[in-house]
Amino acid sequence: MKKVYMDNAAATRLLPEAREAMLPFLGDDYGNPSSLHEWGDAAREALDAARDQVAGLINADPEEIYFTSGGTESNNFAVKGMALMQRAKGRHVVVSALEHFSVLQAAETLKKLDFEVTEVPVDKNGVVDPADVKKAIRPDTVLVSIMHANGEIGTIEPIKEIAAVTKAAKVPFHTDAVATAGTIPVDVKDLGVDALSLAGMNFYGPKGTGALYVKKGTRIMTLLDGGIQEGGRRGGTENVAGIAGMGVAAEIAKRDMAARIKQVTPLRDKLLKELPPAVTHMVVTGPTGKGRLPGHASFCTEFIEGEAQLMLMSSKGIAVSSGSACTSKALKASHVLLAIGLSHEIAQGSILFTMGLDNTAEDIDYIVETMPPIVERLRQMSPLYAKFQKSGKGGA
Amino acid sequence: MPVYNDTVMDHFMNPRNVGEIENADGVGEEGNPVCGDMMTFYIKVKDDKLEDVKYKTFGCGAAIAVSSIVSELAKGKTLEEVKKMKPMQVVEELGGLPKNKHHCSNLGAQALIKAIEDYEAKTGKAPAKAAAKPKAKAAARSKAAAKPRTTAKAKTATKARGGK
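Taken in sequence, the protein lines are chains A and B.
Using our numbering, you'd call the opening residue of the first sequence number 0 and step up by one each time.
Using our numbering, you'd call the opening residue of the second sequence number 103 and step up by one each time.
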C-alpha cells in the first residue's frame, strides 16, 4: 500500500546529516560540556558550533541563544520568565487567541500570580490586527506574546508591524516561531522582536531540542534553577547530542530554505485547490497564498468528525492530523478553529495536512483520489448529513 | 500500541446495522456536535422485543464502534433487558476503550434507551412513572427524541457522563 506522511507539523524525519552529527555524543564523546578536561572540551565545542548555527538561522548573536528542551519550554521560559522579571513594573500580559497552549497556559499560570491577561482576537483567516495589539497595551503591560505563524491553520502573523507597536509602547515582545524558524525566513533583527522560540523538530532536527532567543538587555527570570549552564539562565546538563543535531539541521535549513519552499508550496496550492471540490462541503481554514505557511493545507469537512476521517485515511496509508474535540485528550474543539469563528459542528471536521521533504505531487493525487469515498462513507452514517439532505440547509 | 484494540477497529471499519428505519417505532437522539459525538437510534418493536435496530452516528472511532456494538447487543432483546444495559457492559464487549472515550459508551446506550422511551410514549406503554405525569404523552409526541428525559435511568446516565 502507498504510504503518505503529511503530519510534519507533529514530527519531521531527522536529517541524515543531523543524525551523523549526534552519533559521537551517543558514543565516545560522552563528556559533560561543563567539565574542564578533554571529554568536556569535545562536548563544549559541539554546543558552541550549534549555538553559531542556530544563531545564524535567525540572524542573532550566539550569546543570545539559550538551548531548551523544545518549543514548549521556550514558550514557558519567555512568557513566565519575562513577565515575572518585570512584575514590579506591572502585571499585565497580551497574547493572541491563537497561541499554542504552552503560551496560553503559561499565561493562565501568571493569572494565578495576580497577572491580568488580554487575549487579542483574530479575523476569519486568523490574522492579528496590530491596531488591536495597540489597543490592548496598558501602562502596566510588561509582555506581548504573539506567534509568528499558527501550526493549525497556517496563518503567518504581521510580526514586524506588531513589533513596531510594542517598541513604541516600550513593551517587550516575544514571538513563538516554532512553526516558522527553519521553514520560512526568520530574522530577529528585521522582525524587531525581543525574544523568539524555536524547536529543532520542526526543521528536521531531533525531538526534545529547542532554543529561546533573548535579545541582549532583555530581562528574563530563570525557570530552571540550579546550574551554571546557558549563562546561568537555564540549569541542567545540556542535551549535547540533540543540540548538535539541531545545529546541523538549522544550518541545512538555512542553506536549503528557498529550495524547500519551492518544493512544498506548489503541493500545498494543488491540495488547497483540488481537495475541496473533490470532497464537496469542505472549507479551507486559514488564508491562501502568501500569508500561509508553505507546506500547510488545512480544511474542515462538513457533517463528519475529524478522528474518524483520520483513522480511515490512516487505513489507506495517509498520515494526517485533526483539531477535532475527539482527537484532543480534553475533548474540546480546537481553540484556534473557534477563534476564527467556526461553529463547533464545522470545527469537528478539522483535517490538517503538513507537507515535507518526502512529499510529491503524486502524494497529492493519491489524497484527492482516496479521501472522497472515505468522507462519503462517513457521511452516509452521519445524522447531521441526513438532516442536511432532508432540509437542504446547514451546508456551507 | 494502537489507541484502539482490534475489536473496536473491526466495529469502526465494518460497522453493523448502520442506517435509518423508515416508519421506525421509536427514535432516540443523544449528544451534540459540541461534545463531538451525536447518535440517532431507530428501533422496530415486535412482542416487546427489538426486532430491528439501526443508527446514524456523527463522531469519532469510538462513537462509531459503540453504536455498532450497541445495535448488535440490543437486537432481539426485550425492551426491559435493553433498558438495563450498562455503559460499562458496552466497553467490556468492545474489549476496552481509552479512558477519555468512555463517555461514548454512555451516549450509545442512552440514545437507544431514548428510542425505547419514544416508542413507549407513542404507544402508551410508558412505564408507570412516566405515564403518571400529566401531559407526558403530548410532550413526548412533540419532541421526544430531543428532550432530556427525567426517568431514573436517564438521570444515572447523565450523571455518569458528567465531568467531561
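Possibly wrong hints are sitting among the right ones.
[To be verified] Quick list of simulated restraints, FRET-style, between CB atoms:
#1 Ser342/A to Glu153/B: 36 to 42 Å
#2 Lys386/A to Lys179/B: 24 to 30 Å
#3 Asp357/A to Lys224/B: 22 to 28 Å
#4 Asn116/B to Leu356/A: 45 to 51 Å
#5 Leu25/A to Val136/B: 43 to 49 Å
#6 Lys179/B to Asp357/A: 15 to 21 Å
Worth flagging that the hints you see were computed from the coordinates, not collected in a lab.
We put the beta carbon where it would ideally sit given N, CA and C, even for glycine.
Give me the numbers of the hints this structure contradicts, sorted from smallest to largest. 3, 4 and 6
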